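The primary structure of each chain is shown beneath.
There are 2 protein chains.
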Amino acid sequence: MGQKKSKKSAGTPFSDALRVGEGFLLSDLDPRATPAFDGDKSDGEEALADADDEIDDLQERLYANGQSGGTQKVLLLIQGLDTAGKGGIMRHVVGAVDPQGTEITAFKSPTQEELDHPFLWRIRKALPEAGMIGVFDRSHYEDVLIVRVEELVEPAVWARRYSTINEFEQSLVDDDTTLIKVMLHISHEEQGERLAERLERPDKFWKYNPGDIDTRLQWDAYMQAYQDIMDKTSTEHAPWFVVPADRKWYARLAVQQLLREHLAALDLEWPPADFDVTKEQKRLKKTTR
Amino acid sequence: MGQKKSKKSAGTPFSDALRVGEGFLLSDLDPRATPAFDGDKSDGEEALADADDEIDDLQERLYANGQSGGTQKVLLLIQGLDTAGKGGIMRHVVGAVDPQGTEITAFKSPTQEELDHPFLWRIRKALPEAGMIGVFDRSHYEDVLIVRVEELVEPAVWARRYSTINEFEQSLVDDDTTLIKVMLHISHEEQGERLAERLERPDKFWKYNPGDIDTRLQWDAYMQAYQDIMDKTSTEHAPWFVVPADRKWYARLAVQQLLREHLAALDLEWPPADFDVTKEQKRLKKTTR
Numbered sequence: 001m002g003q004k005k006s007k008k009s010a011g012t013p014f015s016d017a018l019r020v021g022e023g024f025l026l027s028d029l030d031p032r033a034t035p036a037f038d039g040d041k042s043d044g045e046e047a048l049a050d051a052d053d054e055i056d057d058l059q060e061r062l063y064a065n066g067q068s069g070g071t072q073k074v075l076l077l078i079q080g081l082d083t084a085g086k087g088g089i090m091r092h093v094v095g096a097v098d099p100q101g102t103e104i105t106a107f108k109s110p111t112q113e114e115l116d117h118p119f120l121w122r123i124r125k126a127l128p129e130a131g132m133i134g135v136f137d138r139s140h141y142e143d144v145l146i147v148r149v150e151e152l153v154e155p156a157v158w159a160r161r162y163s164t165i166n167e168f169e170q171s172l173v174d175d176d177t178t179l180i181k182v183m184l185h186i187s188h189e190e191q192g193e194r195l196a197e198r199l200e201r202p203d204k205f206w207k208y209n210p211g212d213i214d215t216r217l218q219w220d221a222y223m224q225a226y227q228d229i230m231d232k233t234s235t236e237h238a239p240w241f242v243v244p245a246d247r248k249w250y251a252r253l254a255v256q257q258l259l260r261e262h263l264a265a266l267d268l269e270w271p272p273a274d275f276d277v278t279k280e281q282k283r284l285k286k287t288t289r
Numbered sequence: 001m002g003q004k005k006s007k008k009s010a011g012t013p014f015s016d017a018l019r020v021g022e023g024f025l026l027s028d029l030d031p032r033a034t035p036a037f038d039g040d041k042s043d044g045e046e047a048l049a050d051a052d053d054e055i056d057d058l059q060e061r062l063y064a065n066g067q068s069g070g071t072q073k074v075l076l077l078i079q080g081l082d083t084a085g086k087g088g089i090m091r092h093v094v095g096a097v098d099p100q101g102t103e104i105t106a107f108k109s110p111t112q113e114e115l116d117h118p119f120l121w122r123i124r125k126a127l128p129e130a131g132m133i134g135v136f137d138r139s140h141y142e143d144v145l146i147v148r149v150e151e152l153v154e155p156a157v158w159a160r161r162y163s164t165i166n167e168f169e170q171s172l173v174d175d176d177t178t179l180i181k182v183m184l185h186i187s188h189e190e191q192g193e194r195l196a197e198r199l200e201r202p203d204k205f206w207k208y209n210p211g212d213i214d215t216r217l218q219w220d221a222y223m224q225a226y227q228d229i230m231d232k233t234s235t236e237h238a239p240w241f242v243v244p245a246d247r248k249w250y251a252r253l254a255v256q257q258l259l260r261e262h263l264a265a266l267d268l269e270w271p272p273a274d275f276d277v278t279k280e281q282k283r284l285k286k287t288t289r
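Going down the list, the protein sequences come from chains A and B.
In terms of the UniProt record's numbering, the numbers along the first sequence are unbroken and rise by one, the last being 289.
In terms of the UniProt record's numbering, the numbers along the second sequence are unbroken and rise by one, the last being 289.
Hints are not guaranteed to be accurate.
Note that identical chains are pooled: a pair holds if it fits in a single copy or bridges any two copies.
Straight-line C-alpha distance at most 30 Å; calculated DSBU-like pairs for lysine-lysine [stated by the list, open to error]:
1. K207 <-> K41
2. K125 <-> K207
3. K41 <-> K279
4. K125 <-> K108
I should point out that these hints are in silico values taken from the structure, not numbers from a laboratory.
A quick note: this is a predicted structure, and the numbers were derived from the prediction, not measured.
Pulled out of the complex, with its shape left as it was, chain A reads as follows:
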């Protein structure tokens, strides 16, 4: 398969173009930009479809190795405000990968049992096994986002969590986890339009929650909380990737390509046979009727 570049690729890997480094400012990022990609919507949709076969192959190698004693696993973590497009990523990007090799966990408001445990407890229970691609729809970062903005715990408590998270993520990497942390970044205006759509279409009512407006009213506080996350937890071992998400087609392509690039970097071979192939072929022949 190799790492065939999309026709409209700008030549830079998405991982480089979107990685959060020193001095990153969320407020400087244009949510309508399309880093690492030169094409338009139809080019983007074509590039998305074109990459399916390569991702299939890469994912199956990961899974096959996991079934054969390999220890590598992948964790794709998706954060973003309401309507940022997390569901679309699950459906169109994760949904294109073999469901036997992926496991989505959506982290909602914690249950009482979860609240009775340290904040990473429910996260640890959902970590991917060897060979799997785990996908988090929201994550432990909510414990320094909504928890901070809504003042659900004391400031001293959430303030300690950044370093706890960094240590936790280091332990995942040490355990052969490829961690891909993605923030979908939409504009205030785009969120308004997407919420309005949910209030216009009866087939979208079920996605709407009056609480979404309360959250929207805290927009600046959320942006500040995200900026702090980028400043404090975009580490060498587990960097963040911020994806401009006002254009849904671009966000989907970008997340898919981040996944593709990280899988390809594992450079996995098919596991060798752990049995005598010739002997098994002879045994099989004897079963012919």
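With chain A fixed as given, assemble chain B onto it according to the hints.
Just chain B, lined up with the frame of chain A:
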């Protein structure tokens, strides 16, 4: 969307053509047959792709209702011998459905913890929640298949399980579960060819297990065990559907259509708004910057 019939549909629903009724004999079924479908492979692949949008819509209604207090859920249970194509069903049929609304559980050799509990214990833990499509890759039927053929428990123990299973499945149906029980039926010859392929291609070695031949040597005992399952557990409330599976394209189409027909029969509307739409539209407008 409606229930648009595929161009090459034979007019009979797949649910009727494949349902196991009184006097069914597995040995009479041709594994290369294509009940309820008149077309060839390329027609079948086209029909499979054509149904995606309708299934998307039906699945989303189920999910939306589950999020809004509805109690309906679906359980698609897939059985079949090694190489019968269970993995292909997961990948190509289940994989085409929104992964947020599906949950695959693969039941392998039971762990010690599972063995220390009644055989339905691990099954109950994996049942779908309201709004979800649960998918079982193997199931509690292994407890009257491999367990019987390999004599892992006394005959008196497995013999009691058929009625236990019937009662269990009745309780699922009473709990608003639509149960779709599918056996993928391949011929002895086709299994031989598929195993041979796994022994020829280095990218397939990981799927091969020398134990597959041991199982194959027990072919007749497995066929008898499946026949007994059909005789004893294809009930009014939870019938079996036996899908001829020597042609992979047909098996995929048939399982997809069984899913589509069962979802359509639920006849679900979009849940109404549980908030005041006009009031929310006004609140949203006020957030414009």
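Okay, the hints, checked on the actual structure:
Within a single copy, K207 and K41 get their C-alpha atoms as close as 25 Å, which meets the 30 Å cut-off; across copies the closest is 39 Å, which misses it. In the homo-oligomer, the alpha carbons of K125 and K207 lie at most 30 Å apart both inside one protomer (27 Å) and across protomers (28 Å), since each shortest distance falls under that limit. Taking CA atoms no more than 30 Å apart as the test, K41 paired with K279 passes in neither setting, with 53 Å inside one copy and 35 Å between copies. Proximity of K125 to K108 under the C-alpha cut-off of 30 Å is found in both arrangements, the shortest distances being 15 Å within a copy and 20 Å between copies.
The structure fails hint 3 only (numbered hints given earlier).
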